[in-house]
Amino acid sequence: QKEVEQNSGPLSVPEGAIASLNCTYSDRGSQSFFWYRQYSGKSPELIMSIYSNGDKEDGRFTAQLNKASQYVSLLIRDSQPSDSATYLCAVNTSFQKLVFGTGTRLLVSP
Amino acid sequence: GAVVSQHPSRVICKSGTSVKIECRSLDFQATTMFWYRQFPKQSLMLMATSNEGSKATYEQGVEKDKFLINHASLTLSTLTVTSAHPEDSSFYICSARDWLAGSSYNEQFFGPGTRLTVL
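In order, the protein sequences belong to chains A and B. Note that this note's numbering numbers the first sequence so that position 72 is 72, with each residue one more than the last. The number in this note's numbering is simply the position in the second sequence, starting from 1, with 1000 added.
Same shape as in the complex, but just chain A:
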């Protein structure tokens, strides 16, 4: 079992729709969770962090965490073509290491 799992996609959504990205992790001792956006050929950019169960909203982005289910998600409302990128889920494990998933490629069509 991989430490952090994401569906590779691509996830295709029309402009204006809600994009839902999911991530599961294996280390129950993990305490902090991050979503990074990575454009092709560029380095990751931190867009959301979440540390406790529930929802955290920041603009068009909402991160959701369920530690009991070992599940973290990212919702992007009113998706724009500029949101097209690969979204990396990262988990700070109980060993204090940031482990990345392989990423989900999001395509937002005009």
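Keep in mind that a hint or two might mislead.
Quick partial rundown of chain B residues pointing at chain A, CB under 7 Å, derived from the structure [claimed, not checked]:
hint, residue
1, F1039
2, P1040
3, I1093
4, Y1105
5, E1107
6, Q1108
List time: in silico SDA-like cross-link candidates among lysine to any residue, alpha-carbon distance up to 20 Å [what the hints assert, rightly or not]:
hint, chain 1, residue 1, chain 2, residue 2
7, B, K1041, A, S40
8, B, K1041, A, D83
9, B, K1055, A, F95
10, A, K42, B, K1064
11, A, K42, B, R1037
12, A, K42, B, K1041
13, B, K1064, B, M1045
14, A, K97, B, E1107
15, A, K97, B, T1031
16, A, K97, B, Y1058
17, A, K2, B, F1039
18, B, K1041, A, G9
19, B, K1020, B, S1089
20, A, K97, A, M48
21, A, K42, B, T1117
To be clear, the hints were calculated from the coordinates, so they are not data collected in a lab. As the structure is a computational prediction, the values presented were derived from the model and not from experiment. Backbone N, C-alpha and C define an ideal beta-carbon position, used for all residues, glycine too.
Assemble chain B onto chain A, guided by the hints.
Leaving out everything else, chain B in the frame of chain A:
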């Protein structure tokens, strides 16, 4: 805030040469910096953790004599790829953690990356 720079952004070198990559935190002090490598269509893999004033901690399978890391100040870490070979061609990315933030959260800010091509 939380800006990390990396230099150079791209380097092409001949097999057998050494390449040095610099990582700087521009607006915060970073006691800990991290070096990652990313091959095409793969995720980031941690190579080593660099602590200011002490030896780096390398991940399993990463040769410490080949990838030399120096973290001489709170704002600068360097990675030197020694005797580079074509299989070392990759995207090298550093990140930094603000020492004022809670280290237990391990929130990291990434540099723009260095694309290394070894001929």
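Check your understanding: Taking each numbered hint in turn, which are not upheld by the structure, reported in ascending numerical order?
Key -> 1, 2, 10
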